[in-house]
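Engineer: The lines below spell out each chain.
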Amino acid sequence: MKRVLAAFFPGMIFGFGLAAAQMTNPLKVLGFLDLAGAWDPSLLFVLGGAVAVTLLAFRFILRQPTPIFDSRFYLPASQGIDRALLLGAAIFGVGWGISGYCPGPAIASLAAPTSETWVFLPALLVGTGLHRWRTFHSRSHTPT
Amino acid sequence: MHITHFTPLNALLGGVLIGIAASLLLWLNGRIAGISGIVGHVVIPWPPKESVWRLSFLFGLVAGAAIYYFFWGGAPLARTEFPGWLLALGGLLVGFGTSLGSGCTSGHGVCGLGRRSLRSLVATIVFLVVAILTTFVVRHIGGVYS
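In order, the protein sequences belong to chains H and B. All residue numbers for the first sequence refer to this note's numbering, where the first residue is 1 and numbers rise by one. All residue numbers for the second sequence refer to this note's numbering, where the first residue is 1 and numbers rise by one.
Source of the hints: derived by calculation from the structure; they are not laboratory data. Given the structure is predicted, the values throughout are model-derived calculations rather than measurements. Hints may contain errors.
Stated by the list, open to error - Computed spacing ranges between beta-carbons, pair by pair:
{"no.": "1", "chain 1": "H", "residue 1": "A84", "chain 2": "B", "residue 2": "T80", "range": "33 to 41 Å"}
{"no.": "2", "chain 1": "H", "residue 1": "L56", "chain 2": "B", "residue 2": "L77", "range": "30 to 38 Å"}
{"no.": "3", "chain 1": "B", "residue 1": "T80", "chain 2": "H", "residue 2": "T66", "range": "44 to 52 Å"}
{"no.": "4", "chain 1": "H", "residue 1": "R72", "chain 2": "B", "residue 2": "G142", "range": "41 to 49 Å"}
{"no.": "5", "chain 1": "B", "residue 1": "K49", "chain 2": "H", "residue 2": "I68", "range": "13 to 21 Å"}
Unchecked claim - Only part of the chain B face toward chain H is listed, based on derived beta-carbon distances under 8 Å:
{"no.": "6", "residue": "L13"}
{"no.": "7", "residue": "I20"}
{"no.": "8", "residue": "A22"}
{"no.": "9", "residue": "L25"}
{"no.": "10", "residue": "L26"}
{"no.": "11", "residue": "R31"}
{"no.": "12", "residue": "F59"}
{"no.": "13", "residue": "G60"}
{"no.": "14", "residue": "A63"}
{"no.": "15", "residue": "L77"}
{"no.": "16", "residue": "G95"}
{"no.": "17", "residue": "G97"}
{"no.": "18", "residue": "T98"}
{"no.": "19", "residue": "V110"}
{"no.": "20", "residue": "I141"}
To be verified - To give an idea of the chain H side of the interface with chain B (calculated C-beta under 8 Å), a few residues:
{"no.": "21", "residue": "N25"}
{"no.": "22", "residue": "L33"}
{"no.": "23", "residue": "A77"}
{"no.": "24", "residue": "A112"}
{"no.": "25", "residue": "E116"}
{"no.": "26", "residue": "F120"}
{"no.": "27", "residue": "L121"}
{"no.": "28", "residue": "H131"}
Every residue gets a Cβ at the ideal spot worked out from N, C-alpha and C, and that includes glycine.
This is chain B alone, in the form it adopts within the complex (with noise of 0.2 Å):
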C-alpha cells in the first residue's frame, strides 16, 4: 500500500529553505534557481564559462540533500513494482517538455511567482493541473500505483 502521511511543518520549513535559497542566489550572483535551465546549460555547456556556477548549483544540491539524509535519514526507497519504460517516459517528458516552456517547479513556480510573473503563474497552473489529471491517469485507470 501506499499510505503517505501529511507533514505540514517539514514541508513548510523546507519551502521557506528552497524560498532562502532561490532569494540568495538572486542576491548575490544575481540568478534565477529554475534547475530545469541550470541543467539544460550543463548537458549543451555553450558558453562552457557559463557552466561553471551552474555545476557548482548542482554539486550544491546534491551536497544538500546529502547532508539531511546523514543527519535525519528519510532517503527514498526505489519503488519495486513500478515499470521502468514509464520512468523513463516520464524522464524524456520532463526533460523536454521544461526545456520547451522555460522552467519548471523551482523557475517558473518559486522563482516566477515570486517575481510575480504572469506567464510563470500560467505555466505553473497548467503543469500542475496536467500532472493532476495524468496522476489520475495512471493510478486510477492504469491501475499503476507502486
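Here chain H stands alone, though its shape is the one from the complex (with noise of 0.2 Å):
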C-alpha cells in the first residue's frame, strides 16, 4: 500500500507540472518543434528545470544503499547506444512531431478529455502493444 501511494503523489505532482507548462497543449509543443513559425521556446524551460533537478537529486538517492519503501533501485541495464533505440527514438519523434503528443501529456489529457484524446490515446495504446507483444512472443520463441 505505501508502494502504491508513493507512486500516486510522485505521479500526482508530475500531472500538475505538465498542465502548469501547458505541456498538456498540443500547439505548445509544437510551437516549441516549428523552428520555422513563431518559435516558443517554453519547452526547452520545462526541460531543462526538470533535468536541473534530477542532475541534483539523483546523484544524492543513488548514493542511498536502498529506496525508502523498496529493498533496490530498478534502473535500466546499460545496453549501449543500439539500432533499437535509434530507431525507437526516431518513430517516436516522427509521431511526436506530427501530433504535438507524448506519452505523458497523453495520458494526462484524460483530466479533461477531448475528442482528441480518444483518438491518440487508444492509437498509443495499440503502438506500444504491438511492440511489446512482438517482443514478447519472439521471447518466447527464441531460445535465449
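Combine the two chains into a complex, taking the hints into account.
Structural biologist: Given below as C-alpha cells:
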C-alpha cells in the first residue's frame, strides 16, 4: 500500500507540473518544435528545469543503499547505443512532431478529455501493445 | 491562427515540479518515472503485481492535471482542423517508437539525462531533431496547422 501511494503522489506532482507548464497543450509543444514558425522556447525551460532537479537529486538518491519503500533501485540495464534505441527514438520523433503529444501529456489529457484524446490515446496504446506483444512473442519462441 | 506565447516562468516551475516528481519516485520506490515504460507494462500487465504501482502513478498523473485545471483552468481544447488520421498515425508511432526505443521525453529526457546516461542523451537528441524536422514537413510543406 505504501508503494502504491508512493507512486500516486509523484504521479500527481508530475501531472500538475505538465499542466502548469502547458505541456498538455499540443499546440504549445508544436510551438517549440516549429523552429520556422513563431518559435516558443517554453519546452526547453520545462526540460531544463526538470533536468536541473534530477541531475542534483538523483546523485544524492542513488548514493543511498536502498530506496525508502523498496529493497533496491530498478535502473535500466545499460545496453549501449543500438539500432532499437536509434530507430525507436526516430519513430517516436515522427509521431511527436506530427501530433504534439508524447506519452505523459496523452495520459494527462484524460483529466479534461477532448475528441483528440479518444483518437490519440487508443492509437498510442495499440502502438505500444504491438511492440510489446512482438517482443513478448519473440522472447517466448527464441531460445536465449 | 495559432498564436503561442512564450511562458518562461510557468515552464520553469512546471519543469521543476516534474523533476521533483521523478526524484520522489526514485527516492521512495526506486523506480524511473518513464511514462512510456509505465504505460507499456499496463498495456500488457505481466507480471500483474508489477502493474499496481504503475497504474497508481498514471491515476496520479491524471489527478494532478485535473487539480491544476480545476484551480487555474487552461485545459487545452481540441484542434478543429487537425485531421483525425494524422492524430491516429501520430499515436501509433509514439506508442511503437517509445516502446522500441525504451523511453520517451520523461524516461530518456528527464530521468535519463538526470542519470547522465549517454544512451538517453543520444535518444533525446534523435527524437528532438526528428520531431523538429517532422513538424516542419507537416506545417510548412503539408500546410497542416491547427
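Engineer: Each of the hints needs a verdict: does it hold here or not?
Structural biologist: Tested hints:
| no. | hint | result |
| --- | --- | --- |
| 1 | H:A84 with B:T80: 33 to 41 Å | holds (37 Å) |
| 2 | H:L56 with B:L77: 30 to 38 Å | holds (37 Å) |
| 3 | B:T80 with H:T66: 44 to 52 Å | holds (51 Å) |
| 4 | H:R72 with B:G142: 41 to 49 Å | holds (48 Å) |
| 5 | B:K49 with H:I68: 13 to 21 Å | holds (19 Å) |
| 6 | L13 | holds (6 Å) |
| 7 | I20 | holds (6 Å) |
| 8 | A22 | holds (5 Å) |
| 9 | L25 | holds (4 Å) |
| 10 | L26 | holds (5 Å) |
| 11 | R31 | holds (5 Å) |
| 12 | F59 | holds (6 Å) |
| 13 | G60 | holds (2 Å) |
| 14 | A63 | holds (5 Å) |
| 15 | L77 | holds (6 Å) |
| 16 | G95 | holds (2 Å) |
| 17 | G97 | holds (3 Å) |
| 18 | T98 | holds (5 Å) |
| 19 | V110 | holds (4 Å) |
| 20 | I141 | violated (10 Å) |
| 21 | N25 | holds (4 Å) |
| 22 | L33 | holds (4 Å) |
| 23 | A77 | violated (10 Å) |
| 24 | A112 | holds (3 Å) |
| 25 | E116 | holds (5 Å) |
| 26 | F120 | holds (4 Å) |
| 27 | L121 | holds (7 Å) |
| 28 | H131 | holds (4 Å) |
Hints 20, 23 from the list above are not met by this structure, while the remaining hints are.
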